[in-house]
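Asker: Based on the hints, put chain U in the right spot on chain P.
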Amino acid sequence: EAQVTQNPRYLITVTGKKLTVTCSQNMNHEYMSWYRQDPGLGLRQIYYSMNVEVTDKGDVPEGYKVSRKEKRNFPLILESPSPNQTSLYFCASSPTGKVQPQHFGDGTRLSIL
Amino acid sequence: DAKTTQPPSMDCAEGRAANLPCNHSTISGNEYVYWYRQIHSQGPQYIIHGLKNNETNEMASLIITEDRKSSTLILPHATLRDTAVYYCIVKMDSSYKLIFGSGTRLLVRP
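Chains as they are written, first to last, in this note's numbering: chain P, 156 to 268; chain U, 183 to 292.
Okay, chain P solo, but in the shape it has when bound:
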């Protein structure tokens, strides 16, 4: 089954403790992206990647890092999480071709205390 898989689905942690949210897709998609969703602010793009070793900032990249060493994986790294990064996070992917629809994961709910 074609899917985008995020782990963990839920995480409660403390300020300053490094964490990684993994994202993996099995559709051989070139494009991958991370969004965060907050009440009243909608979904906002954090980072995106056009292909392996090609990443770029979205609208709200501060406090986040990403890497794209393999085509299928696009982890989101919070080196020193802070409470304002408490949010619902989504990973998405799509094939090459900007008209192609994006496929989203089921989300990761992070709470930073």
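You may find that some hints are simply not true.
[Unchecked claim] Pairs of lysine-lysine, DSSO-like flavour, derived with a Cα cap of 27 angstroms: (1) P/K253 / P/K224; (2) U/K279 / P/K226; (3) U/K185 / P/K212; (4) U/K279 / P/K224; (5) P/K253 / U/K279; (6) P/K253 / U/K251; (7) U/K279 / P/K220; (8) P/K253 / U/K185; (9) P/K253 / U/K234; (10) P/K212 / U/K279.
[What the hints assert, rightly or not] Here are the computed distance ranges between Cβ atoms for each label pair: (11) P/E217 / U/T208: 25 to 33 angstroms; (12) U/M274 / P/K224: 24 to 32 angstroms; (13) P/N206 / U/S210: 24 to 32 angstroms; (14) U/M274 / P/R199: 15 to 23 angstroms; (15) U/I256 / P/S235: 45 to 53 angstroms.
Quick caveat, the hints were computed from the structure, so don't treat them as lab data. Glycine included, each C-beta is placed from N, C-alpha and C at the ideal position.
Answerer: Relative to the frame of chain P, chain U by itself:
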């Protein structure tokens, strides 16, 4: 990317057609109209997209006006599982980026 305007909420009866409007009066010639939905806090789900012609797939139909300034998503026989927030997004064919607005919260009543 052009801005879209959607009603904040709508409701319809189960089994009836749900018609969700979207206004995108500043759309340009190379911008597509996409519809996604989000059920509760799950990941957004792609529904359909189009440029100027009407489109239909197994989930819905997309009707785009001739001047392309507005569109309507039609769910022909709404079920309770169609209760969700529906997002109308206008995106340039040269961009991957999706800009989500606040969407329309559709409630399907039994």
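Asker: Kindly indicate which numbered hints from before are broken by the structure, ordering the numbers from low to high.
Answerer: none
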